[in-house]
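Q: Keeping the supplied structure of chain R fixed, place chain H upon it in accordance with the hints.
Chains as they are written, first to last, in this note's numbering: chain R, 75 to 437; chain H, 75 to 437.
What the hints contain is simulated information worked out from the structure, not anything from laboratory work.
Since the model is a prediction, treat every value here as computed from it, not as a measurement.
Don't take each hint at face value.
Stated by the list, open to error - With a cut-off of at most 25 Å between alpha-carbon atoms, the simulated SDA-like pairs for lysine to any residue come out as follows: (1) K85/H with G316/R; (2) K406/R with V135/H; (3) K406/H with T164/R; (4) K85/R with G316/H; (5) K85/H with S315/R; (6) K85/R with E314/H.
Number of protein chains: 2
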Amino acid sequence: MPTRTLRVDLKERGYDITIGSGTLAQCPQFLSERCGTSHVVLITDSVVDELYADAVGDLFVDAGLEVELLVIEAGEESKNAETLIDLWQTMLAEGADRGSVVAAVGGGVVGDIAGFVAATFARGVPFFQIPTTLLAQVDSSVGGKVGINLPEAKNIVGAFWQPLGVLIDVDVLSTLPANEFAAGMAEVVKYGVIMDLPFFEYLESHVEAINARDSEALQYVVERCCRLKADVVEEDEREESGRRAILNYGHTFAHAFEAATEYGQLLHGEAVAMGMVCASRLAERIGMIDAKSTERQVKLLEALSLPTQPLEFDSEEIYRLMWHDKKVAEGKLRFVLPNRLGEVILTSDVKSGDVIAVLNGQD
Amino acid sequence: MPTRTLRVDLKERGYDITIGSGTLAQCPQFLSERCGTSHVVLITDSVVDELYADAVGDLFVDAGLEVELLVIEAGEESKNAETLIDLWQTMLAEGADRGSVVAAVGGGVVGDIAGFVAATFARGVPFFQIPTTLLAQVDSSVGGKVGINLPEAKNIVGAFWQPLGVLIDVDVLSTLPANEFAAGMAEVVKYGVIMDLPFFEYLESHVEAINARDSEALQYVVERCCRLKADVVEEDEREESGRRAILNYGHTFAHAFEAATEYGQLLHGEAVAMGMVCASRLAERIGMIDAKSTERQVKLLEALSLPTQPLEFDSEEIYRLMWHDKKVAEGKLRFVLPNRLGEVILTSDVKSGDVIAVLNGQD
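Next up, chain R with everything else stripped away, as it sits in the complex (with noise of 0.2 Å):
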């Protein structure tokens, strides 16, 4: 089977990201080849275990490691500090020291809440990641990100922790629902808005091969996602230049809307897809650009079911939940706002009124 490999280049803390088709089967491998441990914390949820990681976990027990499978309920509500405490609590009873590891299956969420299990337990354990998801495959795969949300905010507790590698393996999004499918497609055209004009006109071209979850289309996706992600987090780690704000295009008012609906009604994805149409439409309001630009991206993001109007929010509230992402600093909200497709600027200069505006649906 041919795989792809792409390296995160982070100095010391740079590792692969090997995609491919039926490449789950190369997991103890994978993980050998880079860690010399015998223990291993397997780290899934509820619907991932069945499918998939309880099979992993198989992998590794054949290939001589010690394995712990530690399974938390599946949804975003589990990525909470309940959860966590649960996971560092089992991880002792389990034996588990300074030289294990903690390898993640399974989507973002399980990928967040282990991420921040391996950085904090023993003051931080090696990491594999193999997510399961297309939301996680483009966007938990580079970056380093981990945490849980309090009730009131999303992420707002976490660390950087970058994993030793990450496999990925597109068959596995044959058996994700559609609507988790779509979100993820949501920060896939995120990437072709923020910095690649050519990767948004392929998916505007492959829409259907895409839909069908090709695996070839799939492939290449994924790829070209997580390089354009890694040339990011290659200038900006630690989110402190301002370049890695790009990638939050959308995620203001996402997380507003996550907020709003406590993290049960809508995916993440969702939430972006949403979030995107906003943003692009507080640039048209303001004159940064045409309403062409942002009437492709809602033909786009529909064309892959995702949403591309808001809920009936209370605008006031939405605005109000936006001051408690972590992205406020020093205290002004921040935009990433396109100026034309496939390029981002990064503002502080928009009036309330023009997001409020854009929120109840005006033109």
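A: Using the frame of chain R, we list chain H on its own:
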């Protein structure tokens, strides 16, 4: 007021430790020279709040900074996951964001938990330490170890998070209870045993001045300990090479003593004093040092009002608890043992029978 400043050289994470008498008054200037923030989250405990932290908060306010004062219950029992979650949630509720800084005013418990809050809130914010116990001044000031306890193991959850600066005022030691002052001196004696015979001899000959809390003697002691620890940490920031492990002299025993008493009965330094004597007796038992080297430690520790005999522990239980210590690497218990006063080695080559015999006080 003349002050002493030493540099902990950790490349881009390097920082200054300033030591003096009456230096608390310089807090706002010390912080603003190193950080451009206007929002300080000051974390302290219920004892230090009344003594110093409230006054330090006023100094920051007078200097034009916005200050939130977060007070935890005094004592090791507060260094837990529940307090951690409270601090995260209170910071969020008080409007802290990634532009805020955390300043810890207090002893080791405050420094450890406040540092872990700083390491994890908004994926990491800057951190200042104003240690107010002798133990915190000579131990937590250097090394970047932050974290919390779980009920079953001390410091098992945490991170390495270096401060932007440490400001030490030895005058605050005048209000320190006698047992806490003595507990700090246990770590001071440790530095002499593990790496500096002349400093050990200085301590033997200055017991009276130290017990009288003479300002000049204390400034010298604190500076020397910080310099010695910095030398070690600069070589091995993340405890990877084994070099840093020498700082754990007496600690494999001590952590088990503390766990056996549920972190309530013994001060950390008291446990370390007993642990050092046990480690030295273990070294004697396996022929590494002579009895006189142990007796000099016992005599010095007793002159400093420290316990040198383990309590009435169940030695099998203590031995079992040692295995929960996070320094258990690859299934082996490691000990730091002296081979003369001023030099220690790291070894896993110790028989359980010898450890238990030492715990039982057998010759």
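Q: It remains to establish, for every hint, whether it holds in the given structure.
A: Tested hints:
1. K85/H with G316/R: At roughly 23 Å apart (the allowed maximum being 25 Å), G316/R and K85/H satisfy the hint.
2. K406/R with V135/H: This hinted pair holds, its Cα atoms lying about 22 Å apart.
3. K406/H with T164/R: Roughly 21 Å between the alpha carbons, so the hint for K406/H and T164/R holds.
4. K85/R with G316/H: The hint holds at about 23 Å.
5. K85/H with S315/R: 19 Å, holds
6. K85/R with E314/H: 18 Å, holds
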